[in-house]
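Number of protein chains: 2
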Amino acid sequence: MKIAIAQQNYSVGDFGKNATKISKAIFEAKSQKADLVVFPEMSVCGSFPFDVLQKEDFLETTMQVLQRIATESYEIAVLIGCPTYCEDENETKVYDSAILIENGIITRRFNKKNLSHLESKYFLTDTEKNFFEWKNQKIAVCVGDDVPEEENGISLAINITAKQFKYKDSHFSDQFSKTQYPVICVNQVGANTERVFEGHSFVLNKNGEKILQLPYFTEDFVIFDTDKNYEPLAKEECNEIGLLHDALILGIQDYFSKNGFKTATLGLSGGIDSAVVLALAAEAIGSENIRVLLLPSEYSTSHSITDAEGLAKNLGVQYDIVPIKSIYNETLSALSPIFKDLPFSVAEENLQARIRGILLMALSNKFGNILLNTSNKSEVAVGYGTLYGDTNGSVSVLGDVYKTDVFKLARYINRGKEIIPEHTIIKPPSAELHPNQQDSDSLPNYDVLDAILYQYIECGKTQDEILKMGFEKDVVEKTLRLLKRCEFKRQQLCPAIRVSQKPFGEIQIPLIAKF
Amino acid sequence: MKIAIAQQNYSVGDFGKNATKISKAIFEAKSQKADLVVFPEMSVCGSFPFDVLQKEDFLETTMQVLQRIATESYEIAVLIGCPTYCEDENETKVYDSAILIENGIITRRFNKKNLSHLESKYFLTDTEKNFFEWKNQKIAVCVGDDVPEEENGISLAINITAKQFKYKDSHFSDQFSKTQYPVICVNQVGANTERVFEGHSFVLNKNGEKILQLPYFTEDFVIFDTDKNYEPLAKEECNEIGLLHDALILGIQDYFSKNGFKTATLGLSGGIDSAVVLALAAEAIGSENIRVLLLPSEYSTSHSITDAEGLAKNLGVQYDIVPIKSIYNETLSALSPIFKDLPFSVAEENLQARIRGILLMALSNKFGNILLNTSNKSEVAVGYGTLYGDTNGSVSVLGDVYKTDVFKLARYINRGKEIIPEHTIIKPPSAELHPNQQDSDSLPNYDVLDAILYQYIECGKTQDEILKMGFEKDVVEKTLRLLKRCEFKRQQLCPAIRVSQKPFGEIQIPLIAKF
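Going down the list, the protein sequences come from chains A and B.
First residue of the first sequence: 1, per my numbering; consecutive thereafter.
First residue of the second sequence: 1, per my numbering; consecutive thereafter.
Please keep in mind that the hints were generated in silico from the structure rather than gathered at the bench.
These numbers were taken from a predicted model, which means no experiment stands behind them.
Mixed in with the good hints there might be a few duds.
Lysine-lysine pairs mimicking BS3-like chemistry, simulated, CA-CA at most 30 Å apart [claimed, not checked]:
id, chain 1, residue 1, chain 2, residue 2
1, B, K113, A, K340
2, A, K17, B, K313
3, A, K468, B, K93
4, B, K473, A, K17
5, A, K93, B, K113
Interface residues of chain B toward chain A, partial, derived using beta-carbon atoms under 10 Å [claimed, not checked]:
id, residue
6, V12
7, D35
8, F50
9, D57
10, M63
11, Q253
12, Y255
13, F407
14, I507
Every residue, glycine too, gets a C-beta built ideally from N, C-alpha and C.
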């Protein structure tokens with residue numbers, strides 16, 4: 001039996017485009033004499049559709065497209081993911097289903113059982129056993145994180161999924177390694193705003209060994225022949241930073257292409273965050289589609305301009321230098337009847353970041369260049385950034401990447417040749433909002449900061465547990481105090497490409513809380 | 001049997017303050033010879049704690065405080081709400097419980113069964129029957145939206161809850177009107193950022209008639225005597241706009257007091273939204289704690305200043321006039337090498353709103369005045385507002401109030417005497433970002449706009465269903481297109497006080513979606 005695996009990239013609600021892709025793969029599978037072609041979870045409508053799942057016309061369109069796909073599927077079977085109505089319920093609740101089409105007719109539906117918290121808002125869970133008999137074989141079907149049924153005589157399991165990339169978490173196939181029969185896993189690929197589906201579909205033999213492996217982050221189409229003998233693959237070398245890099249590239253690419261955007265902008269400070277964002281964006285959408293601004297203030301050091309210009313030149317990105325001093329002075333002069341002779345404070349610091357924000361948004365509004373946010377997860381965690389200034393942007397490239405990993409990304413970007421000037425990487429990080437300012441004036445060293453944040457956020461540890469690990473009491477207390485105090489900034493940050501175990505969009509700290 | 005009802009206002013995680021309130025009510029109940037004192041759902045820790053519920057130290061503190069409360073409770077029984085550990089589970093999952101304390105000892109736990117989607121992220125559900133026998137009576141207990149058990153011989157039901165205010169939805173007691181025994185409902189009161197708990201606790205007799213009623217939006221303490229004969233109360237006159245007004249006032253008050261904030265600012269445009277926000281804020285935290293800015297541009301009409309000044313003077317609020325023209329010109333001059341001689345566009349329009357934003361934030365940062373956002377729900381729905389300008393603020397007062405209701409609020413505020421100048425209410429709404437601009441140039445009439453939005457958002461109708469109601473095709477299509485296109489702005493808006501059936505924070509439209 002020949003089974004085609006279609007690892008594809010869909011857009012949410014773009015039914016025409018998604019259906020065309022699906023049709024092409026069905027045609028290709030037929031021409032290669034496949035008996036069955038398998039598509040990922042939520043193929044027809046894309047993932048994740050949020051509250052449009054509750055609109056009847058969205059579901060009706062999904063059903064119409066599915067019917068059209070079915071009529072094309074004579075002489076082949078198709079297993080494909082999409083939401084389907086639950087007929088018994090009054091309210092518009094749906095299942096997250098795998099649909100089996102045989103010779104042009106929808107014959108079976110297999111519903112997802114283990115729903116994530118987000119999914120449980122929209123989907124019903126199901127208890128039906130999910131397997132079917134076909135060509136004298138008993139095939140188990142499961143969706144997403146479900147595992148195949150315990151059932152006698154199963155000869156093959158098929159998992160369709162839409163699994164997101166998570167940095168340093170590449171053990172997805174483990175959940176199937178104890179089944180006693182081959183498993184085919186077909187994953188979505190591609191990004192829809194925050195979510196990056198990683199692809200990397202695979203086939204395990206009955207011993208749980210990988211015998212087929214599709215690539216990360218790109219579409220692919222492979223035929224698996226159940227009658228053929230496959231040697232187990234050598235264990236994959238895993239370059240975690242390389243994967244993170246590729247996930248972010250795909251995140252940027254799909255954000256632009258799926259929204260119909262072409263050009264980008266950002267503020268290039270000479271620091272490492274904006275440098276890494278620019279290098280990633282240049283690779284994702286092309287240097288020729290990016291126009292950046294260098295926005296020095298009177299507190300900017302000379303190397304900031306040199307480093308920023310060096311990077312823009314290395315990448316061939318168009319840049320303009322717009323000093324902000326005159327606007328800053330004019331603004332303070334307008335405020336002087338109110339500020340009188342009060343000393344320089346955070347008001348003046350933030351004012352500089354906000355003037356940069358309005359200049360970048362002015363360029364964005366004038367030319368349609370999408371503003372890329374350059375905050376990193378460490379800053380976002382402790383609120384080290386100006387709201388309505390540094391937090392601006394349509395999408396945050398590094399908002400879910402800790403600062404210590406931003407450094408690793410910079411080294412990875414420079415792996416072939418120096419793209420990001422070495423000085424940008426080695427100099428002490430600074431916001432340059434007052435003379436001789438350095439991040440370490442107000443924050444712990446990033447190694448320590450990130451380690452504490454990682455324990456609290458990703459590992460769910462309490463303050464006491466972190467203290468017992470040997471971190472300094474003052475530093476831990478300060479870090480967690482900052483973390484809790486700046487939730488109001490995080491809630492106003494633009495969406496960030498999600499690559500960690502615990503992205504901020506999925507966790508929420510109460511704004512009014514004394515704990 | 002005398003049962004004390006303690007309708008109280010708690011802060012999330014402020015265990016000391018919450019415990020003091022609880023102790024005082026226990027003392028008061030004892031001194032009035034009550035047999036039992038009842039507190040609302042989630043009293044000990046406040047509601048809603050979000051992800052701190054998953055931190056062990058938060059739960060341990062809750063348990064310690066509960067133990068301390070228990071030791072004070074000799075000679076009286078206490079029924080009180082708080083999260084409690086589920087001992088069987090490995091991960092930190094908890095129940096939303098009502099705890100019974102008798103003579104200083106915790107004797108029973110009753111767990112919530114029907115969880116909202118948000119609650120289901122943190123709480124487990126339970127199937128145990130929730131009643132207890134006490135002084136020869138069988139008393140049913142239920143938490144939140146649960147209804148009392150079907151069980152023979154129940155003589156009384158007690159519901160503890162934390163029910164949020166929803167505009168035009170005052171039928172909460174209906175869920176108990178068919179029980180065959182008296183029902184005591186004890187609700188939380190007070191706001192924690194977005195959530196406004198309405199109070200309005202009550203007692204129904206066995207015919208479902210209201211015999212005791214506590215007030216909306218304020219703490220109260222009442223003794224209900226089961227042996228006394230109460231006459232049914234006359235049906236309550238319900239002034240919906242008055243309730244909305246009071247809910248927003250409490251929302252502002254508690255946002256400031258619980259965060260330890262004292263002073264506010266906002267930009268006063270002469271339009272109705274900022275006028276209503278200022279009037280509400282002045283009532284909530286006092287005129288003397290507010291300092292506003294009037295920020296006219298060259299496109300501002302003369303009546304904008306007159307109207308804004310009139311309001312500030314009526315309320316006795318300190319104001320400064322800071323014309324933005326010089327900053328605007330200086331910014332355009334800095335951008336002129338980039339903008340060259342391109343025509344005036346949305347870039348220049350937004351620039352004015354953003355300059356206002358940075359001036360307000362400068363004042364906020366300098367003096368600690370919290371910026372109140374003045375967007376309304378209609379604007380937020382269709383994206384009629386400048387991101388990083390109009391959307392700025394720590395909390396949005398009207399972000400969940402449709403424009404047509406903002407007009408009603410203005411009339412309600414003026415019910416005794418003219419506070420908001422009549423001209424502010426009757427003039428056509430305008431953003432004044434280019435000459436002679438009016439909202440109706442780019443948006444449908446607000447009556448029509450709000451009606452369409454209400455059907456789509458609050459009633460969950462599809463485009464087709466709305467068209468069948470008789471709205472113009474072009475207008476419906478445009479409204480829904482705008483609604484879907486500006487989700488990126490909504491996701492960056494500050495938290496809004498939630499008063500509608502479907503606040504935007506609870507619904508989400510995918511950013512990348514072609515549907």
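Q. Taking 10 Å as the limit, does the beta-carbon of B/I507 come near enough to a beta-carbon in chain A?
A. holds, 5 Å
Q: Have a go at the B/F407 hint: is there a Cβ in chain A nearer than 10 Å to its own Cβ?
A: violated, 28 Å
Q: Take the C-alpha atoms of B/K473 and A/K17, compute the straight-line distance between them, and say whether it is at most 30 Å.
A: The hint holds at about 26 Å.
Q | 30 Å limit on alpha-carbon distance, applied to hinted pair A/K468 and B/K93 | A | Measuring from Cα to Cα gives roughly 23 Å; hence the hint holds.
Q | Pair hint outcome, A/K93 versus B/K113 [Cα-Cα no greater than 30 Å] | A | Since the Cα atoms of A/K93 and B/K113 sit roughly 20 Å apart, the hinted pair holds (cutoff 30 Å).
Q) Is it true that the CA of B/K113 sits at most 30 Å from the CA of A/K340? A) Not OK: B/K113 and A/K340 at ~59 Å, beyond 30 Å, violated.
Q.
Quick check on B/F50 please, does its C-beta sit within 10 Å of some C-beta on chain A?
A. Constraint on B/F50 satisfied, holds at 4 Å.
**Q.** B/M63 as chain A interface residue, shortest Cβ-Cβ below 10 Å
**A.** violated, 14 Å
(Q) B/Q253 was flagged as interface toward chain A. Is the shortest Cβ-Cβ separation under 10 Å? (A) Violated, about 12 Å.
Q | Interface hint outcome for B/D35 [beta carbon to chain A under 10 Å] | A | The hint is violated - B/D35 has no Cβ within 10 Å of chain A, the shortest such distance being about 33 Å.
Q | Agreement of A/K17 and B/K313 with the hint, judged by alpha carbon distance not exceeding 30 Å | A | Status violated; Cα separation ~59 Å.
(Q) The hint names B/Y255 as touching chain A; please verify it with the least Cβ-Cβ distance against 10 Å. (A) holds, 7 Å
When the structure is compared with the earlier hints, violations turn up for hints 1, 2, 7, 10, 11 and 13 and for no others.
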